[in-house]
Amino acid sequence: MSTDLLNDLLGRSLELHPQAAVRPEPFGALVYHYGNRRLVFLQHTDMVAVARALSQHATLADTLEACGVDQRRWPSFAKAFESLLNSDIVRERTTDER
Amino acid sequence: MSAESLVNQLKSGLDAPICLTWELTYACNLQCVHCLSSSGQRDPHELSTAEAKRVIDELRDLQVFYINIGGGEPMVRRDFFELVEYSVAQGIGVKFSTNGAFIDAEKARRLAGMDYLDIQISLDGVDAATNDAVRGAGSYDMARRAMDNLAAADFGPFKISVVVTRQNVPQLNQFKALADSYGAQLRVTRLRPSGRGVDSWDHLHPTNAQQREIYQWLMAHGEGVLTGDSFFHLNALGDPLPGLNMCGAGRVVCLIDPVGDVYACPFVIHDEFRAGNVRDPGGFSAVWKQSELFTSLREPQSAGACASCGAFDACQGGCMAAKFFTGLPLDGPDPECVGGDGEVALAELAAVPVLLKPRPAADHTKPDRRPVLT
Numbered sequence: 001m002s003t004d005l006l007n008d009l010l011g012r013s014l015e016l017h018p019q020a021a022v023r024p025e026p027f028g029a030l031v032y033h034y035g036n037r038r039l040v041f042l043q044h045t046d047m048v049a050v051a052r053a054l055s056q057h058a059t060l061a062d063t064l065e066a067c068g069v070d071q072r073r074w075p076s077f078a079k080a081f082e083s084l085l086n087s088d089i090v091r092e093r094t095t096d097e098r
Numbered sequence: 001m002s003a004e005s006l007v008n009q010l011k012s013g014l015d016a017p018i019c020l021t022w023e024l025t026y027a028c029n030l031q032c033v034h035c036l037s038s039s040g041q042r043d044p045h046e047l048s049t050a051e052a053k054r055v056i057d058e059l060r061d062l063q064v065f066y067i068n069i070g071g072g073e074p075m076v077r078r079d080f081f082e083l084v085e086y087s088v089a090q091g092i093g094v095k096f097s098t099n100g101a102f103i104d105a106e107k108a109r110r111l112a113g114m115d116y117l118d119i120q121i122s123l124d125g126v127d128a129a130t131n132d133a134v135r136g137a138g139s140y141d142m143a144r145r146a147m148d149n150l151a152a153a154d155f156g157p158f159k160i161s162v163v164v165t166r167q168n169v170p171q172l173n174q175f176k177a178l179a180d181s182y183g184a185q186l187r188v189t190r191l192r193p194s195g196r197g198v199d200s201w202d203h204l205h206p207t208n209a210q211q212r213e214i215y216q217w218l219m220a221h222g223e224g225v226l227t228g229d230s231f232f233h234l235n236a237l238g239d240p241l242p243g244l245n246m247c248g249a250g251r252v253v254c255l256i257d258p259v260g261d262v263y264a265c266p267f268v269i270h271d272e273f274r275a276g277n278v279r280d281p282g283g284f285s286a287v288w289k290q291s292e293l294f295t296s297l298r299e300p301q302s303a304g305a306c307a308s309c310g311a312f313d314a315c316q317g318g319c320m321a322a323k324f325f326t327g328l329p330l331d332g333p334d335p336e337c338v339g340g341d342g343e344v345a346l347a348e349l350a351a352v353p354v355l356l357k358p359r360p361a362a363d364h365t366k367p368d369r370r371p372v373l374t
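Quick mapping for you: the protein sequence lines, in order, are chains A and B. Numbered by this note's numbering, the letters in the first sequence go through residues 1 to 98 in order. Numbered by this note's numbering, the letters in the second sequence go through residues 1 to 374 in order.
For the record, the hints were derived by calculation from the structure and aren't laboratory data. Keep in mind that this is a model prediction, so the values were computed, not measured. There may be inaccurate statements among the hints.
Below 20 Å or equal to it, Euclidean Cα-Cα: the simulated SDA-like pairs (lysine to any residue) are [to be verified]:
| # | chain 1 | residue 1 | chain 2 | residue 2 |
| --- | --- | --- | --- | --- |
| 1 | B | 289 | A | 80 |
| 2 | B | 159 | A | 35 |
| 3 | B | 289 | A | 27 |
| 4 | B | 95 | A | 58 |
| 5 | B | 95 | A | 45 |
| 6 | B | 159 | A | 38 |
| 7 | B | 159 | B | 243 |
| 8 | B | 11 | A | 45 |
Facing chain A, a subset of chain B residues (Cβ under 10 Å, in silico) [stated by the list, open to error]:
| # | residue |
| --- | --- |
| 9 | 5 |
| 10 | 10 |
| 11 | 19 |
| 12 | 62 |
| 13 | 63 |
| 14 | 93 |
Derived DEER-like restraints, expressed as beta-carbon distance ranges [said to hold, decoys possible]:
| # | chain 1 | residue 1 | chain 2 | residue 2 | range |
| --- | --- | --- | --- | --- | --- |
| 15 | B | 220 | A | 37 | 15 to 25 Å |
| 16 | A | 72 | B | 48 | 22 to 32 Å |
| 17 | B | 351 | A | 1 | 30 to 40 Å |
For each residue, glycine too, the CB sits at the ideal point set by N, CA and C.
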C-alpha cells in the first residue's frame, strides 16, 4: 500500500455498517453483512474492538490510537479496513457530529 | 494470520456454527430419488412451534448469523411463516430451500415483503424430462411456476439450486442462462449418496470425465456461481476453487433434523454421526460445545490411505458422507476421487461377497410411493 493511500485511509471517518454484525472468535472475529450476505473473517483479535469503536472517533487513526494499537501495525489494519470498505462492512460516516 | 492457519482454527471448531442447516419437517409433496433426508411422511415427534422457537432463541444467543432451512418441504409446516418471521425478528437471517409447490402469487408477494430472506428453488434439469426423472412428475413445472411468481412479485435475486448429476452436467450453461433470465443466482452442489441417494447414486453421480468438466466450468465461473463449497474434492485437479476448502462437519456447520436430532452435517443422517438432540438438557449449545462426536471431529484427522498422495492437501480426502454411505473407510479416498483411487476402492468393495453398506437412520419415504428410477 502506498503512503498516500495509507494516509488517506487513516484520515477517513468510518463506521460499522448498521446491517453488519460482529461475532468475536478465537482467531479474531466473524462479520456478517445482512444486506449483501457477505461473511468476512477478521484475523486480528483486536480488530473487533477497533471496528466497534470506529464511530466514537474522528478518524481511523484516532480509533487505532484510542484502542492502543501499535503504530507499526497500522498499515496492516488500514489494509484490512480497505477490504471491509470494499465489501461495505464498514462505510464512510456522512454526518459530521463534531 | 495466514489463510492456512485460519483454516486450521476453523477445523478445531468454533463456539457456535457459522451457519446451520435445519430441516423443519420430513413431510414432502415430492419423493426425489436422491433426497438426502429420505423425506416423505411427517414424523410424529417433529419439534413443536414452541420448541422450534426455543431453538431459535438459543441460536440468537450464540450469534448464529443465518440458518438454512430445508426439509422435506419446509413450506408444508403450518407455522412456516411464523418461524421464519420469528427468526428474522431475532436477527437470524433465513435461507430456505423449497421445491416451489406452495409459492403461488400471494405467497410470493408475502415472501417479497420480508427482509433477510433468501429462497432456493430446487431444479435438477433444464427441461421437464431431465428434472422430473429425478424429482418426480410435474416438479419441473412446479419449480418454474414458483420462479415466475417470485419474479412477478419482484422478490429480487432468488437462487436456483441444482444438484449436479451425470444427466445434467451437459446442461450447466443452460442452467446459468435460465438463472440469468430471471436475474437469479445459480447454485450448484455436489450429489451425495445420502438418504435415498444411497440407492440412486450409482446411476446419478457424474463420471470421472464429467468431474473434470465440472471443475473447469466452476473455475471459469468463479464466484459468479454458488457451490456451498461442496466441490472441494475437485481441487486435486489444479488451482483451488473459491471457498475454504475444508469439511465443515461438526466444526463450522451441522444439521438439526425435524425431531431435533443434531448431526454433523446435512448429508450424514445416521446414528454414527448423531451428536445429540436439542431436547437434551443443555439444548443445542451443549450438543455443539460438548458432544463426544463433535469433539472428535475437531481433532486432527488422519489422511490414512491418502497420506502418500501428493494431492491430499488440495482435496483433503474429499467428503466424509460420500465415503461413509458408499461403504468406504473415512481415512481413504473419496468415491469420486479425481485421481481414480475411489473407483478402485469401490471395485474392491464390490468384490466382497456380502457387503453391508450403512443405511440412513431415518427413512420417512411414503411406503406406497417409493420412487423408482426410470
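We went through each hint and held it up to the structure:
1. B:289 <-> A:80: violated (30 Å)
2. B:159 <-> A:35: holds (16 Å)
3. B:289 <-> A:27: Roughly 17 Å separates the two Cα atoms, so the pair holds.
4. B:95 <-> A:58: With Cα atoms ~38 Å apart, residue 95 of chain B and residue 58 of chain A exceed 20 Å; violated.
5. B:95 <-> A:45: Violated, at about 29 Å.
6. B:159 <-> A:38: Given pair residue 159 of chain B, residue 38 of chain A holds - Cα atoms ~16 Å apart, limit 20 Å.
7. B:159 <-> B:243: holds (18 Å)
8. B:11 <-> A:45: Roughly 18 Å between the alpha carbons, so the hint for residue 11 of chain B and residue 45 of chain A holds.
9. 5: holds (8 Å)
10. 10: holds (8 Å)
11. 19: It holds, given that the least Cβ distance between residue 19 of chain B and chain A is near 8 Å, below 10 Å.
12. 62: For residue 62 of chain B, the interface hint holds, since the closest Cβ of chain A sits about 9 Å away, which is under 10 Å.
13. 63: Constraint on residue 63 of chain B satisfied, holds at 4 Å.
14. 93: holds (6 Å)
15. B:220 <-> A:37: 15 to 25 Å: Holds, since residue 220 of chain B and residue 37 of chain A (Cβ atoms, about 23 Å apart) stay within the stated range.
16. A:72 <-> B:48: 22 to 32 Å: violated (56 Å)
17. B:351 <-> A:1: 30 to 40 Å: Given a distance of about 60 Å, which is not inside 30 to 40 Å, the answer is violated.
Checked against the numbered hints above, the structure violates hints 1, 4, 5, 16 and 17; every other hint is satisfied.
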